[in-house]
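Model the placement of chains B and C on the given structure of chain A, informed by the hints.
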Amino acid sequence: MPTPTFALSTPCFSGHAVRTSVTLTMGVFSLIIINKAGGLIYQREFQSGLRNLSTNDYLVLAGTFHGVHAITRSITPKIPISQPAPSPATSSTGTTAPATSSYSYPNPGVPVSGLDYLETDKFRLTCFQTLTGTKFLLFTDPLTGSVDTIIQKIYELYADYVMKNPFYQIEMPVRCEAFDRHLGAWLRGRA
Amino acid sequence: MSYYFTILSPTDTPLFNIAFGTSKGGGDGIARFRFPETAQYMNQFIIHSSLDILEEAQWTNGGMYLKHIDTYPPAAAYITAFLTPSGARFLLLHQPPHLPSSTSISSGLGSSSLLGTAGSTTRASSSSIAANPTSPQTEEAVRQFMNEVYESYVKTAMSPFYKQGMEIKSPVFRTRVTAAGKKWL
Amino acid sequence: MSSTKTSRIGEEIWKTRVDKVNAELVTLTYGTIVAQLCQDYDSNYQDVNKQLDKMGYNIGMRLIEEFLAKSGVGRCANFRETADMIAKVGFKIFLNVTPTVTNWTSDNTQFSLIFEDNPLADFVELPDDGRAQDELWFSNILCGVLRGSLEMVSY
Chain A
1 MPTPTFALST
11 PCFSGHAVRT
21 SVTLTMGVFS
31 LIIINKAGGL
41 IYQREFQSGL
51 RNLSTNDYLV
61 LAGTFHGVHA
71 ITRSITPKIP
81 ISQPAPSPAT
91 SSTGTTAPAT
101 SSYSYPNPGV
111 PVSGLDYLET
121 DKFRLTCFQT
131 LTGTKFLLFT
141 DPLTGSVDTI
151 IQKIYELYAD
161 YVMKNPFYQI
171 EMPVRCEAFD
181 RHLGAWLRGR
191 A
Chain B
1 MSYYFTILSP
11 TDTPLFNIAF
21 GTSKGGGDGI
31 ARFRFPETAQ
41 YMNQFIIHSS
51 LDILEEAQWT
61 NGGMYLKHID
71 TYPPAAAYIT
81 AFLTPSGARF
91 LLLHQPPHLP
101 SSTSISSGLG
111 SSSLLGTAGS
121 TTRASSSSIA
131 ANPTSPQTEE
141 AVRQFMNEVY
151 ESYVKTAMSP
161 FYKQGMEIKS
171 PVFRTRVTAA
181 GKKWL
Chain C
1 MSSTKTSRIG
11 EEIWKTRVDK
21 VNAELVTLTY
31 GTIVAQLCQD
41 YDSNYQDVNK
51 QLDKMGYNIG
61 MRLIEEFLAK
71 SGVGRCANFR
81 ETADMIAKVG
91 FKIFLNVTPT
101 VTNWTSDNTQ
111 FSLIFEDNPL
121 ADFVELPDDG
131 RAQDELWFSN
141 ILCGVLRGSL
151 EMVSY
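Same order as they appear, the protein sequences are chains A, B and C.
For the first sequence, full-length UniProt numbering begins at 1 and goes up steadily by one.
For the second sequence, full-length UniProt numbering begins at 1 and goes up steadily by one.
For the third sequence, full-length UniProt numbering begins at 1 and goes up steadily by one.
Only chain A is shown next, with the shape it has when bound in the complex (with noise of 0.2 angstroms):
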C-alpha cells in the first residue's frame, strides 16, 4: 500500500488540488457516515470488486478515523508560523491566514477543522463534516473532480430522507430505503 499523504487546511476542500481529467468511470467507490460520537451509521459501497470488510472492521474504521480526525484537529498549530505553505512530510498546516502576513495566528473567526482529505496512488479519502459534526467519508477514486459537489448533493439527500424521516431516530443506524434508492440513481445519473 502506498504511503498515504496528509493534508490539513482549516475551511473544507480548500486544500484540494483541482484537478480538471475527466473520469470514465464515476469513479464514487463507497461512502461511510459516521455520527458525531463516532459511531458508524452508514456504510455503502457503489462498486464491485472491493474488498470485503466485516461489519465490525467497519465499525472499528469508523471509530478510528473519528480518532484521528479528532487528533489531527487538535494539532492544529497555534503558534506563529513563518511559512504557511503546506508541507506534505509534516502534515503541519491548518491555518488559513493569507501568506502576506507571515507571522500570525490562525483566524480565529474560522474555526478548525480537522482531516479533509487523504490520498493515495489508488484512492482518495474526502471527509466532509457538517456543523453538527456528522461526518460523511467518500472514497474516490483519485481522479475524480468535483468530489464535493458529490458531497454537498450526498448531504442534501441525507437531509432530505434521512433526517426528514420521521421515523428515522438521530444518531442511529439509518435505514432508509428511500434514501438508499435516492442516492443510487443519483450517483448512477451522473456516471
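No wet-lab data here; the hints were simulated from the structure.
For every residue, glycine included, the Cβ atom is placed at its ideal position computed from N, Cα and C.
Don't take every hint at face value.
As the list claims (entries may be wrong) - Each computed EDC-like pair below joins lysine to aspartate or glutamate, with the alpha-carbon atoms no more than 16 angstroms apart:
1) 122(A) - 141(A)
2) 70(C) - 12(C)
3) 70(C) - 117(C)
4) 163(B) - 129(C)
5) 163(B) - 81(C)
6) 164(A) - 116(C)
7) 182(B) - 148(B)
8) 67(B) - 56(B)
9) 20(C) - 66(C)
10) 50(C) - 40(C)
11) 169(B) - 129(C)
12) 164(A) - 177(A)
13) 155(B) - 129(C)
14) 182(B) - 140(B)
15) 70(C) - 148(A)
16) 36(A) - 151(C)
17) 169(B) - 125(C)
18) 169(B) - 128(C)
19) 36(A) - 141(A)
20) 67(B) - 140(B)
21) 20(C) - 160(A)
22) 155(B) - 24(C)
23) 70(C) - 160(A)
24) 163(B) - 125(C)
25) 5(C) - 81(C)
26) 164(A) - 180(A)
27) 164(A) - 66(C)
28) 153(A) - 66(C)
29) 70(C) - 11(C)
30) 24(B) - 167(B)
31) 155(B) - 122(C)
32) 70(C) - 156(A)
Said to hold, decoys possible - Derived list of chain A stretches under chain C, where covered just means 3 residues or more per stretch with a C-beta under 8 angstroms from a C-beta of chain C:
33) 125-133
34) 153-161
Unchecked claim - Derived DEER-like restraints, expressed as beta-carbon distance ranges:
35) 153(A) - 46(C): 42 to 50 angstroms
36) 55(B) - 181(A): 30 to 38 angstroms
37) 4(C) - 188(A): 36 to 44 angstroms
38) 149(A) - 64(B): 54 to 62 angstroms
39) 70(A) - 78(C): 19 to 27 angstroms
40) 47(A) - 4(C): 44 to 52 angstroms
Frame of chain A; chains B and C shown alone:
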C-alpha cells in the same frame, strides 16, 4: 331601520345574534324595534318562523344569496337570507322605523313582495335602504353585507379552537359584523 | 458576514431551492395540533406549551441538517451573526417571514425576535376561557425548533 342578524347552524342551533340599527342617512346605529325592550324575543320568533319558507326558497335558485324571502306584516319585519354551502343560514331581519309606510306593508304579504315596491323609491340610495326594505338598492346593500359577513365567518370557522356547530363567541367576529353593518346598512 | 448578504442568501434559497406548500394547509394543520393538545391536556396550558416545545425540539434537531445542506453557510462567528442567520435565512426559507432581531442585552447573550406576521397563527382566536390569552403560547413550537437546531450546532 333596525336590524336583527342571526346565524343558524345546519341543525338550527343559533350560532350568533346581533341587533343593530342603520348608520345610513344620519342613523346612529342603535336598534329601535317596535317591540318593547322586554319583548326582543319576538325578533327571534319571527326569524325562526321563516325557516320553512327558507327551506323552500333555497331550491329556487343556485345562488347563496336568496334576497328577501319572507315578511311578517304585523311587525313590518322583512327577512333576508343567505345560505353558505356548508348549510349555515344567515338571516337578517329588518324593520323600518315606525312611520306610515303603508306601501311596504300592503305589498309585503307574500314572499314575492319585491314586485310592487321597487318603483316606489325615489329618494337617494342611502335613505331608500332605510325606507324600503325590498328595493333593489336594499337588496344590493344586504348582499354586500352578507358577503362580508360570510368572509369573516369563514375565517372564524378556520380558527382551530372553533368547533363546528359551536356558538360564535369571538369578539373579533362581532366587531367585524358590526363594521359590515355600519358600512352597508 | 454582512446583514444584507445574509438577507440575500435567504431570498435566493427561498426563491430557487425550497418546495412551497399552501400556507393554509400549514396553518390549519398546526392549529389542529395545538387545539388537539389543549383538549388532550384538559386545557392545562403549561403542559401544552411544554409539549409544543418538545415537538419543536425534535423538529429542530432534524431541520438543522436541512438548513445547513440547503444554505451551505458556515459556522457563525458570533451570536449576533447567529441571530441574523436565524431571522433572515432560517425563518425566511422555512416560513417566508423575516422577524426583526431586537432587544439585545448588553452582554450580547439575549435577543428577541419580533414577528410582524405569524403564518402559524392566521385565523387563530384563542379560547376565551380567560386563561389562554395569558398562558397558552400558541407558537411555542418555534422556540422548540430554535432550541433543537441550535443545540445541534453546539450552542
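Here is what the structure says about each hint:
1. 122(A) - 141(A): Measuring from Cα to Cα gives roughly 7 angstroms; hence the hint holds.
2. 70(C) - 12(C): With a Cα-Cα distance of about 11 angstroms, the restraint between residue 70(C) and residue 12(C) holds, given a limit of 16 angstroms.
3. 70(C) - 117(C): 24 angstroms, violated
4. 163(B) - 129(C): Within the cut-off at roughly 15 angstroms; holds.
5. 163(B) - 81(C): 43 angstroms, violated
6. 164(A) - 116(C): 28 angstroms, violated
7. 182(B) - 148(B): 12 angstroms, holds
8. 67(B) - 56(B): 13 angstroms, holds
9. 20(C) - 66(C): This hinted pair holds, its Cα atoms lying about 15 angstroms apart.
10. 50(C) - 40(C): Given that 16 angstroms is the threshold and the Cα spacing comes to 13 angstroms, the pair holds.
11. 169(B) - 129(C): 11 angstroms, holds
12. 164(A) - 177(A): 13 angstroms, holds
13. 155(B) - 129(C): Between residue 155(B) and residue 129(C) the Cα gap is close to 20 angstroms, so the pair fails against 16 angstroms, i.e. violated.
14. 182(B) - 140(B): With a Cα-Cα distance of about 15 angstroms, the restraint between residue 182(B) and residue 140(B) holds, given a limit of 16 angstroms.
15. 70(C) - 148(A): 14 angstroms, holds
16. 36(A) - 151(C): 13 angstroms, holds
17. 169(B) - 125(C): Roughly 10 angstroms separates the two Cα atoms, so the pair holds.
18. 169(B) - 128(C): 8 angstroms, holds
19. 36(A) - 141(A): Violated, at about 26 angstroms.
20. 67(B) - 140(B): 9 angstroms, holds
21. 20(C) - 160(A): Holds, at roughly 15 angstroms.
22. 155(B) - 24(C): Distance ~11 angstroms between residue 155(B) and residue 24(C) Cα, so the pair holds.
23. 70(C) - 160(A): 10 angstroms, holds
24. 163(B) - 125(C): Distance ~12 angstroms between residue 163(B) and residue 125(C) Cα, so the pair holds.
25. 5(C) - 81(C): 11 angstroms, holds
26. 164(A) - 180(A): With Cα atoms ~14 angstroms apart, residue 164(A) and residue 180(A) stay inside 16 angstroms; holds.
27. 164(A) - 66(C): Holds. Residue 164(A) to residue 66(C) sits at ~8 angstroms (cutoff 16 angstroms).
28. 153(A) - 66(C): 12 angstroms, holds
29. 70(C) - 11(C): Between residue 70(C) and residue 11(C) the Cα gap is close to 12 angstroms, so the pair holds against 16 angstroms.
30. 24(B) - 167(B): Since the Cα atoms of residue 24(B) and residue 167(B) sit roughly 29 angstroms apart, the hinted pair is violated (cutoff 16 angstroms).
31. 155(B) - 122(C): Holds, at roughly 9 angstroms.
32. 70(C) - 156(A): It holds: about 7 angstroms lies between the C-alpha atoms, which stays within 16 angstroms.
33. 125-133: Result for this restraint: holds, n = 4.
34. 153-161: holds (count 5)
35. 153(A) - 46(C): 42 to 50 angstroms: Check passed, 44 angstroms falls within 42 to 50 angstroms.
36. 55(B) - 181(A): 30 to 38 angstroms: Distance hint for residue 55(B), residue 181(A) is violated at roughly 57 angstroms.
37. 4(C) - 188(A): 36 to 44 angstroms: 41 angstroms, holds
38. 149(A) - 64(B): 54 to 62 angstroms: 56 angstroms, holds
39. 70(A) - 78(C): 19 to 27 angstroms: Cβ of residue 70(A) to Cβ of residue 78(C): about 25 angstroms, so the range 19 to 27 angstroms holds.
40. 47(A) - 4(C): 44 to 52 angstroms: 46 angstroms, holds
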